[in-house]
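J.: Produce the complete structure using the sequences and hints provided.
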Amino acid sequence: MPRCYFHLRAEGKIVRDPIGTDCLDVAAAYDKATDVALDLMRNSDGNTRLWSLRVVHEHGETMFDLYFADIAAGLDGERPYGAHELTAETGRRLTALSDAVHQARRTIAESRILLARARGKPQLVHNSAYRPL
Amino acid sequence: MQNRTENRVLAELPPADAALLAPCLHPVGVIPGPTQQPEFPSDCVYFPDEGQISALALTSDGETIEIASAGREGCLGPIFPSDLHDGLLVALGPLRAFQVPVARLQPILAQSEALSQALAACREALLLQVRQNLVCGGLHPVERRLPRWLIETADRLESDVIPATQETVAQRLGVRRTTVTLLASKLQEIGAIHWGRSRVEILDRARLESETCTCQRMLRARVSARPATQLTVARRTSFGT
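Taken in sequence, the protein lines are chains A and B. If you use this note's numbering, the first sequence corresponds to residues 1 to 133, in order. If you use this note's numbering, the second sequence corresponds to residues 1 to 241, in order.
Don't read these hints as lab results, they were simulated from the structure. Beta carbons: idealized from backbone N, C-alpha and C, even for Gly.
In silico negatives: residues of chain A with every beta carbon more than 10 angstroms from chain B:
#  : residue
1  : 92
2  : 93
3  : 94
4  : 101
5  : 104
6  : 105
7  : 107
8  : 108
9  : 109
10 : 117
11 : 118
12 : 119
13 : 121
Residues of chain B clear of chain A, computed beta-carbon distances all greater than 12 angstroms:
#  : residue
14 : 29
15 : 37
16 : 38
17 : 39
18 : 87
19 : 96
20 : 113
21 : 127
22 : 128
23 : 154
24 : 160
25 : 201
26 : 204
27 : 207
28 : 210
Here are the simulated distance ranges between beta carbons:
#  : chain 1 : residue 1 : chain 2 : residue 2 : range
29 : B       : 138       : A       : 103       : 39 to 45 angstroms
30 : A       : 100       : B       : 84        : 50 to 56 angstroms
31 : B       : 214       : A       : 85        : 30 to 36 angstroms
T.: What follows is the structure, encoded as structure tokens:
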């Protein structure tokens with residue numbers, strides 16, 4: 001059974017799942033991700049509707065993104081027309097923005113390393129905060 | 001052979017009352033090491049000397065949630081035969097406790113006013129805990145419930161190190177293990193805790209407390225403001241085993 005990792009994107013940050021869970025297939029991983037999203041959304045304020053989970057296979061490839069807003073559509077009952085779609089779209093854009101910010105930070109970190117190396121100075125070669133998912 | 005008890009309820013009983021109870025007390029425990037959680041009979045009252053014992057509710061789907069817990073400051077279990085006692089009673093890591101069957105407790109309660117008062121106070125503290133856990137589970141997000149559980153458990157164990165895996169804590173909070181893993185990562189990032197393989201260490205208590213819901217402070221205030229049913233005679237007592 002392959003191991004899947006459920007990384008959380010929340011408030012512009014990436015919270016990594018270092019342990020992972022064995023899942024039979026994509027459907028099982030989706031069910032698991034839904035359960036985790038429901039745990040995190042229960043009794044929480046509206047901000048969690050903008051969170052998402054990125055499910056990554058043990059081989060490193062992304063299996064899927066689960067946007068909490070898509071699940072919340074089934075929980076919140078009646079909402080003004082278009083509200084769910086708007087929240088879901090905002091969640092997706094925030095994820096894209098967070099990805100772009102992480103990529104930019106990674107580029108800056110790599111540039112600093114290159115510059116330090118060129119000047120023959122000590123350099124930081126690893127920083128997990130800049131590692132993209 | 002005489003055994004000193006670290007349990008405050010037992011230690012504060014007057015010697016005559018302690019002597020009445022002593023023949024019914026049976027030492028039980030969980031030694032450090034095993035990962036399996038042994039289940040204790042639920043028709044007994046437990047007075048922990050060391051560690052924590054908890055009552056869990058179990059659903060037909062096999063899901064669990066913690067109802068109430070006790071460390072050496074109190075006791076856990078049905079004090080009267082009519083008290084509900086159908087939950088799972090499990091320890092959290094190593095445990096040393098005295099066990100007394102609820103049926104054997106009744107004649108002693110009739111004879112000992114001191115024990116009746118002490119156990120009435122314990123029963124009230126347990127009910128306050130159940131009430132607060134109901135509020136917390138029904139109204140608060142798991143992001144706040146996890147820090148609360150860590151602080152309260154550390155207080156009961158009187159230690160900043162809690163012997164618990166993320167799987168165990170997930171069973172106590174009634175959520176998925178991955179949910180606890182993600183929230184633990186968040187708490188580790190802010191330097192509040194360090195979660196090793198099977199133990200959590202609280203590194204910054206003030207930071208962790210700032211992440212809890214209001215339940216932790218409410219419960220602490222309510223328990224300390226209980227009516228003065230506590231015994232006035234506070235002394236350590238020896239128990240024959």
